[in-house]
Every structure is written in structure tokens, then in C-alpha cells.
Amino acid sequence: MTLSIVHLYDLVGGILAITAVMTLRDRQHPKRYSSAFFWGLYSLVFLVGDQLPPVWVGIGVVVMALIAAFGGVGVGRHSGRSAADYAASAKRLGNKLFIPALAIPLVTMLGTVFAKYLVFGGTPLLDPKNTTLVSLGVGCIFALGLACWLTKETPVQGIRESRRLTDALGWALVLPQMLGMLGLVFSDAGVGKAVAHITTNYINMDVRFFAVVVYVVGMALFTVIMGNGFAAFPVMTGGVGVPILVGVFHGNPAVMAAIGMLSGYCGTLLTPMAANFNIVPAALLELPDKNAVIRAQVPTALTLLTCNVFLLYFLMFR
Amino acid sequence: MPTDINLWPLLGVAVIIAGFILRFNPMLVVIVTAIVTAFAAHFPVDRILAAIGTGFIKTRNLPLIILLPLAVVGLLERHGLRQHAQNWISTIKSATVGRLLIVYLGARQLTAAVGLTSLGGHPQMVRPLLAPMAEGAAEARYGKLPERIRHKLRAYAAATDNVGLFFGEDIFVAFGAIVLMTTFLREAGIDIEPIHVALWGIPTATCAFLIHAWRLRRLDRMLERELGGAAPAPATGDDVAVKGA
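Chains as they are written, first to last, in the numbering used here: chain G, 1 to 318; chain L, 1001 to 1245.
Because the hints were derived from the structure by calculation, they are not lab data.
Every clue listed holds true.
From chain L, some residues computed to sit far from chain G (all C-beta separations above 12 Å):
no. : residue
1   : SER1094
2   : ARG1221
3   : GLU1224
4   : ARG1225
5   : GLU1226
No more than 20 Å apart at the CA atoms, straight line, and that leaves these computed lysine to any residue pairs for SDA-like:
no. : chain 1 : residue 1 : chain 2 : residue 2
6   : G       : LYS193    : L       : ASP1004
7   : G       : LYS193    : G       : VAL217
8   : G       : LYS31     : G       : VAL21
9   : G       : LYS129    : L       : LEU1116
10  : L       : LYS1058   : G       : PRO53
11  : L       : LYS1058   : G       : GLY13
12  : G       : LYS193    : L       : VAL1013
13  : G       : LYS193    : L       : ALA1188
14  : L       : LYS1058   : G       : PRO128
15  : G       : LYS129    : L       : VAL1179
16  : G       : LYS96     : L       : ILE1092
17  : G       : LYS116    : L       : GLY1115
18  : G       : LYS290    : L       : PRO1146
Taking beta-carbon pairs under 7 Å as the criterion, some of the chain G residues facing chain L (in silico):
no. : residue
19  : GLY49
20  : VAL61
21  : SER89
22  : GLY137
23  : THR151
24  : GLU153
25  : LEU175
26  : PRO176
27  : MET181
28  : PRO234
29  : VAL255
30  : PRO272
31  : PHE277
32  : ALA292
33  : CYS307
34  : ASN308
We treat Cβ as the ideally placed atom computed from N, Cα and C, and that holds for glycine.
Same shape as in the complex, but just chain G (with noise of 0.2 Å):
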């Protein structure tokens, strides 16, 4: 059997599938109904989605987005714990706790690397096409153990907790999805090639050292709207790169694409759109300003952009 991007799907749908009833049977939270709606909806698209027809999930998504607009996702009651407990626990437990916080990352990483070894009678145990989110998965279902042992804690346990944590981020879990369908449906209707039309009709770029501008804050300006890059190396590389900068001016392509991808990579640090670098974050982290990450970023991305305006003029002219 080869563990599939399809379990997780049902994994992380049968978690949310009872965090919806959990939400459900909460009678002190304030906005139990629409909360449970919201999170069942979430669910079935892990759950169904694949089966279901695209209109209807298209319709699911808009009511599941109207949800989140008003006000519809709130935070559940939980039980906490005293701040002695917190203390007493970590005092006993010590360096312990770092053992199944620090099995995640390194199971995905083994699982990641030994992959290509791990086949039985022919068939992979992990889905090639997606080795790191597959190991990812089995990281985390191996360090929920460890942590139940560890903390003579049950399973159980472990998914009221994710529901704590899930309530936290409210609809910032949802954002990075909905993003990356954004940017699905700005290709498919043509954003891309309306950009690449307007920069190179009407912009100037007789001048090399302004073309290389041109590229490198293109690429930054384009990921900043579109929230990746891979989304603009296309549009800015198909539309200034290589017939400018490489046909014009005889630029070396590899140094280009290098450098050009990495000015994205600035602009991916620089914008709301990159939900999962930097609006997750500082939901995750409770930090009262959503754009918190973004403003810590923005001197190093600037900084660093103008830094690959000039590495870009001077490596790729030699």
C-alpha cells in the first residue's frame, strides 16, 4: 500500500469533520451554529471534494467566505490549565518536550530523503509525487504518539487541542487555500498576459541598466499581486527577461533566472497575498496586527531588492 496525499486528505477532513461537532456540542461558544457550519463545510472538502461537482463546491467556498466575513467564525470554550500546572508540567517533563516537537521536522526529513528506498514488493510506501507533505503526515501521526506516551495524555486529547489551536487561527487557515485558488483563477483569466502587455508596451527599456529595474521590481511587484513567484517568472522572464535583457542585451540567462526569482522572493516577503508565510504566522502566533510579520520583513525585502538591482547589472554583463 503507498501512503497517498488522498490519506491526508481524509486524515486532516476527519479532524475538522469532529471539530465541527465538537463545536456543535459546545453550548457556551457565541457563535456555535455558523462556527460548526463553517468548519463542517471546510471538512467536506477534504472529505468529498474530489467527488463532489465543481459549482457546488465553487458555491460551498462562497458561503464558507461570507461566513468569515461576518463575523461568523468564532473562538470556542476550552478548558486551560493553571499557570502551576503549565510550570509543574514542564518542570517535570523537562528536555522531554523537545523530543516530539523535534520528531516532526526530523521524521519528514528522513522520510523525505529515504523515500526513494522505502519500496516493498515493487510498490513506494510513500506517494513519490508528494514525499515531504506525505512524510509530514506520518511525522506528526508518530510524534502524536510519542507525545501521548510521553504526557499520559489520549488521541483524544490531542484533537481538542487542535480544535484550540484551529479556533485561534479561524479563518486564517482558510486564507492560503483560498489565495492559491485566487491565483488559479487570475491565470485562467488572463492577468498574467495583461501585465505582460502593459509592462512591455508601455514601458521604456532602451537603457540596460533601466530594463535590469524593470525586470527585478517586476518580478517583486508581480509576486507581491499574484503572492508567489513561480506565478510571475513566466510573466516577467517570457515579457522583459529573455527578449530583453538576454536578446537586446546578451545578459547571461542563468544568472537572470537566479537572481530573477529571488527578487520575487522579496516581494513574496512583502505581501498579504503569501498567506502562509505571512498572514498564518501571526495569527498563529496571536499577534494582535495581522500584517506584523509583513512589517518586520519589509526592511530586509527592500534592502535586499535593491541589492539584486545592482548583483543583476553587474554579474550578468561580464
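Model the placement of chain L on the given structure of chain G, informed by the hints.
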């Protein structure tokens, strides 16, 4: 020159920028942008909904990385992991927030550069370990931290993980971005070696380390300036636990 390009979908870009600037709920901004963009591209209603549905199903892999570790992280937090991370770092006398994050930045870049991108991340590393350690290192020096500073340290911890990952992974030859770049250029008639693209990422990666590390040292100096006057009262486990709960 193609003349049949429809520029109306750019309206979507305007909507999303306006939405984020005016601070509407991001979920609302995204769904409205998707509908406006598709509408501007002359999609009928059922195709708009289908495009949203298909896009949402295709990107189901994105939240896995956040959702999967939550049970373990939550369970360990219930047993004081964050408090222990804070206490542990305070036993290292030479640790400052800046030094801790610089070491993490370097380690994250180097491990990502050899393909080990999963040795980090916000749910499994930053929230349970790195951010509490940054707070612990500051508390060991300056006592109880004002909320504003505490939030700033957490944001810097998250930012450091991002910078380290982004400007490390692109040096790894087998990384998806490099495959994407060489494939795209080959289709444009330009043949380049993946290893060259990887190597030419090193100057930018080095600059990224120097710039961010310099900013982390400035963070240390800022903490010293703002909190240095206060008597260093080592935080007790109790203090920390209230904040962490």
C-alpha cells in the same frame, strides 16, 4: 503584437489592492476579487463558480502543513513546552534575541540549501520553540516584557524563518523553482544548466543573510536601549505561563 488582449481582468488586481488597503476581511476581498476577475473575463456565472470550486480543490495541499502538526503542538503546549523553551534558553547566559535568531537564520538557510526545507516552519518550529526562546532570551536579560515588545519579537521570529527558507531553498539544485526556471527557458530556446542557476543564487542569498543578520543585531541594540534601564528580574515560570496560556 497581439491586439486581442483583454485588459479588463486587471480590475481584479485593483480590487484586491483596494480591499487589503481598506482592511476589509481578507476572505471577503479574495472571493469578491475572484468573482470580479472572472466576470471581467466574460465568464458566465456557472463557469465562475466552477473555476472557484476547481481552484479550491486543486490547492487542498496548502493547509496540510499547518493543520497536521496542530494536535502534537497543542498537546505539548498543554504540558508546558513553551514555558520550558523559555526557561531552557535563559540558562544560556550569552544568548540574546539577535544572536539566537542569527544562528537560526544561518542554520535555516544552510539546511534549506541542501534540500532540508522541512526542518523549520511556523506551526512546528516557530510557535512552539523559536518564538518562546526569543521571548525567554529577552526576559532573562530584561525581566518582564511589555506586550508591544513581546509581539515584535514573535514577528521577528516568524520573519527570520521566512527569510532563511526563501534565500536558502533556491540554492538547492533539485528544488522545484529551479526546475521551473530551466524548463521555461528551454521552451524559450535557451539551454542552461540547473547547477548554474543554483550557484548564481548564492550572491543574493549571502546578501540576504548579511542584511537580515544586521537587522537582528539592531534589534538587540533596540532592546538594550528601551529595556536596558530596567532591573533584570529573571522571569519565573508562573509569569510566562500566564502569557502562554
